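End of the sequence shown sits at 332 in the numbering used here; the numbers just go up one at a time, nothing left out.
Fair warning: there could be bad hints in the mix.
As the list claims (entries may be wrong) - Cut-off 25 Å, straight-line C-alpha distance, at most; resulting in silico cross-link-like pairs (PhoX-like, lysine-lysine):
| id | residue 1 | residue 2 |
| --- | --- | --- |
| 1 | K227 | K151 |
| 2 | K184 | K166 |
| 3 | K184 | K163 |
| 4 | K184 | K158 |
| 5 | K184 | K151 |
| 6 | K166 | K151 |
| 7 | K151 | K163 |
| 8 | K166 | K315 |
| 9 | K163 | K227 |
| 10 | K227 | K315 |
Stated by the list, open to error - Restraint ranges, calculated between C-beta atoms of paired labels, are given here:
| id | residue 1 | residue 2 | range |
| --- | --- | --- | --- |
| 11 | D102 | T228 | 41 to 51 Å |
| 12 | G277 | G145 | 15 to 25 Å |
| 13 | T276 | D224 | 13 to 23 Å |
What the hints contain is simulated information worked out from the structure, not anything from laboratory work.
Given the structure is predicted, the values throughout are model-derived calculations rather than measurements.
For every residue, glycine included, the Cβ atom is placed at its ideal position computed from N, Cα and C.
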Amino acid sequence: MEDTTRRPQLSRRRLMGILAGGIAASAVGGVGIFSAQSGGNAASPSPAATSSSATPTPSSSSAATAAAPAKKTTPVVRVQTDEDTWYAWQWVNLTTGDSYGSANAAKQTNNTESMIKAWIGTDYLAGVEASGKPLSDADKALITKMIKNSDDSAAQTLYLRRGADKVIQRAIDECGLSGTSITESWWSKTQITALDATRMMREILDRAKTSELVAWLVDDLMRNVSPGNAFGIAEVLGEVDPQADPAIKNGWTDHARTGLWNLNCLAEWTSTAGGEQIVLAILTRYPVGYGQAYGEKVCREVTSQLLEQLTVQA
């Protein structure tokens, strides 16, 4: 469930590795590669457009470890969609430093919708830690509702308490977001690129290593969202590994004014086959008449193709 008014989700990570089969099709979404430094600013949603089909090549971080390297390949993602569908994706292997993205991953934006709640919670917990006071039961309940059930009222309360747009500005500054912009007083319409979505998740995961409160948000809440919120990436991981335990925060809303659905999937997991820690973001936008299931299917197909090409097979 998403905000549609002006008022404005570390225990051991396991998973994945086996996926057979691919999705055929004519491509509307993109294939491309951007390094972690790539980015572009956009003050409003980018128009729906067919992105480049150039074959991507991997980039690697010099600081990353080389344990359990992924398959040496360059992913090609071709999802069958209608021409008025836009999507973007970014895959980051935190173990090897390899990063792949669609050709529009650093350039074109989508509404964050509830995906930004992962940051709203993280930012709020930073404020609690800075105060030196314990997390109250009331605040713990609000954060739990916001992440596990994607509760908008809880998100709005926490967002306002931490300064409204200042929460989003801190995300831009502290997560190093180069293609993200604020929509005044409206957290769910923050404009974000797929690349920046992975940067936001990486910052949250880094904080979870040293903060018990953020570790609680990631491991107790994001790994246990309500079943109706665990679509897309999580569904595919669940099919290939019944013990999959991804940290998830999806976002989704149908907008009558624009006539569009905005739907995003964001997840982190560690593959059981290769032991690689992965962050994946998939953003999509399409006509409202197609329904939520259409966007969920786009996320599943992108995930399936990337898993098949980029993960070590058992």
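Tested hints:
no.: 1; hint: K227 x K151; in the structure: holds, 20 Å
no.: 2; hint: K184 x K166; in the structure: holds, 24 Å
no.: 3; hint: K184 x K163; in the structure: holds, 22 Å
no.: 4; hint: K184 x K158; in the structure: holds, 21 Å
no.: 5; hint: K184 x K151; in the structure: holds, 22 Å
no.: 6; hint: K166 x K151; in the structure: holds, 24 Å
no.: 7; hint: K151 x K163; in the structure: holds, 21 Å
no.: 8; hint: K166 x K315; in the structure: holds, 22 Å
no.: 9; hint: K163 x K227; in the structure: holds, 23 Å
no.: 10; hint: K227 x K315; in the structure: violated, 33 Å
no.: 11; hint: D102 x T228: 41 to 51 Å; in the structure: holds, 44 Å
no.: 12; hint: G277 x G145: 15 to 25 Å; in the structure: violated, 38 Å
no.: 13; hint: T276 x D224: 13 to 23 Å; in the structure: violated, 34 Å
Hint check: violations occur at hints 10, 12, 13; the rest are consistent with the structure.
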